[in-house]
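K.L.:
Now for the letters of each chain:
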Amino acid sequence: MAETWSVVIWLVVTTALVRAAGPVALGGRELPARVTAVVALLAPALLAALVITQTFGATDGDFTVDERVPGLAGAGGVLALRGGILLAMAVAMAVTAGSRALF
Amino acid sequence: MRRESVRAGFRVGVPFAVAAALLAASFGILAEPVFGAPATLVMSALVFAGSAQFGALAVLGGGGGVAAAVIAAVLLNARYLPMGIALAPSLRGGWLRRALYGEALLDASWAMANRGEGRFDPDFLVGATLPCYPAWVAGTAIGLYAGDWIGDPAEWGLDALFPAFFLALLVGGELRRGRTAVIVALLGAGVALALLPFAPAGIPVIAASGVALLGLFTGHTQETEHPEIEEDPVG
Numbered sequence: 018m019a020e021t022w023s024v025v026i027w028l029v030v031t032t033a034l035v036r037a038a039g040p041v042a043l044g045g046r047e048l049p050a051r052v053t054a055v056v057a058l059l060a061p062a063l064l065a066a067l068v069i070t071q072t073f074g075a076t077d078g079d080f081t082v083d084e085r086v087p088g089l090a091g092a093g094g095v096l097a098l099r100g101g102i103l104l105a106m107a108v109a110m111a112v113t114a115g116s117r118a119l120f
Numbered sequence: 310m311r312r313e314s315v316r317a318g319f320r321v322g323v324p325f326a327v328a329a330a331l332l333a334a335s336f337g338i339l340a341e342p343v344f345g346a347p348a349t350l351v352m353s354a355l356v357f358a359g360s361a362q363f364g365a366l367a368v369l370g371g372g373g374g375v376a377a378a379v380i381a382a383v384l385l386n387a388r389y390l391p392m393g394i395a396l397a398p399s400l401r402g403g404w405l406r407r408a409l410y411g412e413a414l415l416d417a418s419w420a421m422a423n424r425g426e427g428r429f430d431p432d433f434l435v436g437a438t439l440p441c442y443p444a445w446v447a448g449t450a451i452g453l454y455a456g457d458w459i460g461d462p463a464e465w466g467l468d469a470l471f472p473a474f475f476l477a478l479l480v481g482g483e484l485r486r487g488r489t490a491v492i493v494a495l496l497g498a499g500v501a502l503a504l505l506p507f508a509p510a511g512i513p514v515i516a517a518s519g520v521a522l523l524g525l526f527t528g529h530t531q532e533t534e535h536p537e538i539e540e541d542p543v544g
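Chain order of the listed sequences is G and Y. Just so we're aligned: 74 in the numbering used here is position 57 of the first sequence, and the numbers increase by one with no gaps anywhere. Just so we're aligned: 351 in the numbering used here is position 42 of the second sequence, and the numbers increase by one with no gaps anywhere.
Any given hint might turn out to be false.
Listed next, the stretches of chain G that the computed footprint assigns to chain Y, with coverage defined by at least 3 CB atoms under 8 Å from CB atoms of chain Y [as the list claims (entries may be wrong)]:
id, segment
1, 28-41
2, 49-61
3, 64-70
4, 79-90
5, 100-109
Don't read these hints as lab results, they were simulated from the structure. From a predicted model like this one, the values you see are computed outputs, not experimental measurements. Even glycine gets a Cβ: it sits at the ideal position worked out from N, Cα and C.
Chain G extracted, bound-state conformation (with noise of 0.2 Å):
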């Protein structure tokens, strides 16, 4: 139990420090135009990270492929019909629940 409370206590303080970082260290200041640039690359570049981890990453951060692959392939075809995020989101939910079921 003690172990559990210790893993409780370091998460609060290291997820609050990380989330501050970036705003405390470099908040305010007018950033050089080039660095501005590379700020601008982080979204896409982090965006892409996530649906690659989300989609392949195991609970305990290894590698696997399962049924969401195919929720996700049925979420890029709604987005290529030009649907909705949260349509995209319904459909990537129920083709991989799907999945589950028929395999």
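Dock chain Y against chain G, hints included.
P.N.:
For chain Y alone, kept in the frame of chain G given last:
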């Protein structure tokens, strides 16, 4: 704080709060046998970071120690560093005020508050996070105390919600910002995919953010197109 931005963010954040509650319920179900109900609830209330919580749970549940669980969680949370750095130039005020804005960082809120060319709407970010916090805590409680009724969260396909969400933000927003953004997204995905089988959890996303350094050479903001981004990206 601009109230209209907070309200707009809140409206956009509500559907994602529902998704967060579903994920939190699955966290509550899985964490209860490992952490116990009180620690699980306190963790969700005070940490409020899904990937780190799931990561710590996976390590401890798999027989790992405190240090391994904390390191996994820190690595998974480390993406908030580049996110915070990206947000920082849009913040004003003293260090405490800026730190509090940083505490509102969530993947979804950060992405939806992105206005392109390195600019963010911090009040919109806070608004989008506001409904997610009670949803996360309440969802955890539901998972803890109604887990038997819900069953296995994987059967509901809940783990497909957020990859689809990030894909939608990428396709609907970032990839419309120009060719450089498309190249960076492809490279970022490639880096994450290449590292995922080998690197510790959290490292693939951090490494992928390094691809943004291409901006040093491309002058991306000068060539950025100006996509007609819908005011409500949830649409």
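K.L.:
State for each hint whether it applies.
P.N.:
Against the structure, the hints come out as follows:
| no. | hint | verdict |
| --- | --- | --- |
| 1 | 28-41 | holds (count 12) |
| 2 | 49-61 | holds (count 11) |
| 3 | 64-70 | holds (count 7) |
| 4 | 79-90 | holds (count 6) |
| 5 | 100-109 | holds (count 7) |
Consistency note: the structure conflicts with none of the earlier hints.
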